[in-house]
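> Assemble the whole structure, with the sequences as input and the hints as a guide.
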Amino acid sequence: MADYLMPSLGADMDEGTLVEWLVQPGDAVHRGQVVAVVDTAKSAIEVEVFEDGVIAELLVPVGSTVPVGTPLARIDAAEPGAAESGSPKAAPPAVAPRPDTAPGAHPGSVSPVVRHHAHELGVDLGTVRGTGRDGTPTRADVDVAARAQERPRVSPYARRRAYELGVDASALAAAVPGAVVHAAQVETEAAAGPVVPAAPAVPQPPAAPVSGASSAPTPAEAMRAAIGQLMARSKREIPHYYLQASIDLAPALGWLAERNSGRPPSERVIPAAVLLKAAARAVREVPDLNGFYVDGRFDRSEHVHLGVAVALRGGGLVAPAIHDADTLELEELMAALKDLVARARSGRLRGSQMSDPTITVTNLGEQGAELVHGVIYPPQVALVGFGRIVERPWAVDGMLGVHPVTIATLAADHRVTDGRMGSRYLAALESWLSRPEEL
Amino acid sequence: MNRDEARTAVLTALSRIAPEADLEALDPGADLRTEIDLDSMDFLGLVESLAETTGVDIPEADYHDVRSLDGLVVYVAARA
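Chains as they are written, first to last, in our numbering: chain A, 56 to 494; chain B, -1 to 78.
Bear in mind the hints are in silico, worked out from the structure with no lab data behind them. These figures come from a predicted structure and were not determined experimentally. Please note that the accuracy of each hint is not assured.
Unchecked claim - Which stretches of chain B does chain A cover? Using the computed rule of at least three CB atoms under 8 Å from a CB of chain A, they are:
| # | region |
| --- | --- |
| 1 | 32 to 38 |
| 2 | 41 to 50 |
| 3 | 53 to 61 |
Beta carbons are placed, not taken as given, at the ideal position from N, Cα and C, and that holds for glycine.
The following block contains the structure:
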């Protein structure tokens, strides 16, 4: 049995409104399946589940606004294949040993449900004192063992939420030795007031405008306020440094034009996708730009989840992520980008697209300015910008020609890297764009 | 396809890409990228949509001829 929680769909999200349930109790769900639609200050977002199971109970009715981390539904964890058996288990899972752990069975024959539970909690079954038949560990025994484990543990998600809310997660963990600190506790703590007086003040939702004190903010106002809060925190907390490099795009655009010619529109790739691919590949060479700065330290990410700033028609922007962008083929990345832009503009992003970009790219596009000094999305530590592609005189091997050029910029966090490392990133970017066929 | 049919097809495709734009008030000779804020992804979507509805596939090499409403109408009318 697991609680399915209101997800954090970006560092600036404090609460969400459940606008639609797409499942009912008894429904089998699969990892990655969209189960609900949640409205945030920025847009309506389709949220997914992260494990297979069966919906046991919906805890939050449509129309409710609840804080991030609030249980939305209870899901019975499914054994592999159980969901396909056609017998939905709406009742709580049986804790009693299954027939194969009947009298005479060895302690080693623990039920798969309990084994899975132990694995989830990081408990070694060999160390658990069993109270079931013949000393077989039960689910409750595993819970006891998990609580007894001494090391204070904070889930990565709780750590991030703690950062976002200005809560000292390690203090929470120390207060309850052996317990796992979950995001919900962090939320409770945040609601109770700051733990550390020196912690930065938690930005409060803006008060309604004075002129219309009785009316709720419009969606555009709410989005602007959310962007404003996040960017203000970025400027307040992150010591930005900025670098720029002019990059010749003649090789990349020439290669792309040749690739696209003779292909139907549905198979064409736009220059932005090539820039994003290069940005993602270059991050692998300078991994200290990729991850989260939380609790005074940098957590490098093993994956490159590339945030893409998408301007919305009618104003505002969102920066959802393309997961593992560095490993995608160019065609796959283009498809992901199309999906992202279409969803962002129609207000139907996926929760997984919103939650965890590790570095963000902003591309000013054809009508934009020539360069952007980016503002980093906390808790990320770098933002890559591409200015409008313009034709410029460009010298190659002593010969002057007219080339398409973009000014690439990097805004990065001085607490993690410095200009030398940042320069290496821009050099890697230029190198990838000079050999597009290898992207 | 005559001009009127082509115009209808183009306007239908545009209204899908930029639902909030006032297409009645559109300057038929103006660059759509600035006129109704189409970026390269939008433009590709427009080209895809026209290929589906009219069968006219506009290659990238011809993009400079179809930057305005009039340009699109003439291009599509001549080929569909």
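> Decide, hint by hint, whether the structure agrees.
Taking the hints in turn, this is what the structure says about them:
1. 32 to 38: holds (count 4)
2. 41 to 50: holds (count 4)
3. 53 to 61: Per the Cβ count (5), the hint holds.
Of the numbered hints stated above, none is contradicted by the structure.
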